[in-house]
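Undergrad: These are the residues of each chain, in order.
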Amino acid sequence: MAKKGLDDQGKGLGRREVLECMVWAGTGVLWTVSAGIPHSVGLIGEAAAAEPTGFTFLQMSDSHIGFDKAANPDALGTLREAVAKVKAMQAKPSFIIHTGDITHLSKPAEFDNADKVFGETGVQVHWVPGEHDIIDEERGKAYLERYGKGSKGAGWYSFDDHGVHFIGLVNVVDLKGGGLGNLGAEQLAWLEADLKGKSNSTPIVVFAHIPLQVIYKEWGWGTEDGTQALNLLKRFGSVTVLNGHIHQLAQKVEGNMTFHTALSTAFPQPAPGTAPSPGPLLVPADQLRTKLGLSTVTVVQGNKPLAIVDKTLAG
Amino acid sequence: MQTLMKHLRLTSPRFTPGRSVVAVMLLGPAVGGLLAFGAVAAQEENVVTIDNFTFTAPELTVAVGTTVKWVNHDDIPHTVVEKNKAFRSKALDTDDAYSFTFASAGTFDYFCGLHPHMVGKIIVK
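Chains B and W, in that order, are what the protein sequence lines are. Oh and the first sequence: position 160 is 160 in the numbering used here, straight run, nothing missing. Converting from the second sequence to the numbering used here requires adding 1000 to each position, the first position being numbered 1.
Same shape as in the complex, but just chain W:
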């Protein structure tokens, strides 16, 4: 990926409008492939961060058997509580983390037990 980035950086100043369209068309599949690779890499980590009273990503799709980890970056503690009590974390202070392994398929809606307007979803396929 770094190589491609260097390549883009080196060549982009020379693009004229007409040529850049062609270049984007040519690069399209390659960039798309890289984006897909990036998405897989992120999913392998399966981390949901808590910043500014928000779960990011708010919705995450994972395979059965995947472990998802929540990390709190706020100055205020939060919890992770599944709507139907499938899982519930302890209070997570700043930089604390909680992990849960999804053994079965389904949709898991969760929220912060302290600030329930904070909601998120894990879809297990």
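Bound-form chain B, shown alone:
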């Protein structure tokens, strides 16, 4: 998988350049969680032996259906390419987690197009909204009508699969001026109740649109009360946090928690502080697909690894 990320195509890139490339293009860093302790096993390609054999699911993010500006005039087209990769996977994932910004402007036609293309995967999708999905006239009603069945509040919920407890959180609603993403007291109380009675050995995967941890405050890349949610999760031996919003890979391991942000399938955004704003990053057309992609997560029960593999559309 994604071995192409390390392919220098005969140009003879040095190790440093390859590493820089990896950071940018996000062709993949593989990491594992063994016995509740996460550790990186290196770059994809080096660790290509880790062919998924367990329970797998896919993270897709920031499809921005309806976006048609210079950074990618055809966001639906690149989503179709991503979905083609999913359809071509030998081992079909159990489901897809979409970490928000399904649409660009919350228009019915945008949701329709997204549903149609994701439907082609034949795989169930678990959604959480991004801020672009709740800008209809009634501020989120369109999203909840489509995807909110069985959810609480603005669309948060949890479910269990293969012994893993999955929690979808909403941190794009009722944002406060000058602040960051927001979960709110009601959702935090629900989370506390949801976790009650769960044993510390239950693997947890929590997903939301905006990163729960603060990645770059100046651009609002973080969640105001994210720490409160993470505190509730601290006692668990294995916590994986999946986010979107920043359209680039960022990974961090902190104690038993592993944080991962996904690539967008629509357009890249600049690295923190490298541009005047976090707006869409214009890259040469032949490089766009190296900056878009999806992530596969493999969960193997017992002392086997939980691994995330990022794959670009070009890879």
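There's no promise every hint is true.
Estimated spans, in silico, between C-beta atoms of each pair [unchecked claim]:
| # | chain 1 | residue 1 | chain 2 | residue 2 | range |
| --- | --- | --- | --- | --- | --- |
| 1 | W | T1049 | B | A70 | 18 to 24 Å |
| 2 | B | T274 | W | A1097 | 27 to 33 Å |
| 3 | B | D115 | W | E1059 | 42 to 48 Å |
| 4 | W | T1101 | B | E145 | 30 to 36 Å |
| 5 | B | G273 | W | E1045 | 30 to 36 Å |
| 6 | B | P284 | W | K1083 | 39 to 45 Å |
Note that these hints are calculated values from the structure, not bench results. Using N, Cα and C, we set each Cβ at its ideal position, and we do this for glycine too.
Since the structure of chain B is already known, use the hints to place chain W on it.
TA: Leaving out everything else, chain W in the frame of chain B:
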């Protein structure tokens, strides 16, 4: 204003350092007056632009009854939301605009409901 600009352009190459100080001193009030006129002209339009996730001007002072217009120049939608819910725009896509007329005096802090690190202020006197 154009006339003055032409005048400055025509005369400036001939300035020596000593004379230019005198010229600036003489021109000072005139230029100041023009700047003030420019400020009034801009205020009459009362447009706040959104570029690069920033409200410009971030702070604007207007008279009661003034209509302020926000225009989004970004490739990403933004909203304009007053802290105490005095006003709230719909999502503004690229080049969309939103206007609000301030009927009473006060300070109105606002932000983008999608990217709340974007903040601005309208002072109505």
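Undergrad: If a hint holds in the structure, say so; if it doesn't, say that too.
TA: Against the structure, the hints:
1. W:T1049 / B:A70: 18 to 24 Å: 19 Å, holds
2. B:T274 / W:A1097: 27 to 33 Å: 30 Å, holds
3. B:D115 / W:E1059: 42 to 48 Å: Given range 42 to 48 Å: holds, Cβ gap about 43 Å.
4. W:T1101 / B:E145: 30 to 36 Å: The hint (30 to 36 Å, Cβ to Cβ) holds, given that W:T1101 and B:E145 are roughly 34 Å apart.
5. B:G273 / W:E1045: 30 to 36 Å: 33 Å, holds
6. B:P284 / W:K1083: 39 to 45 Å: Once the Cβ atoms are compared, 42 Å apart, the range 39 to 45 Å for W:K1083 and B:P284 holds.
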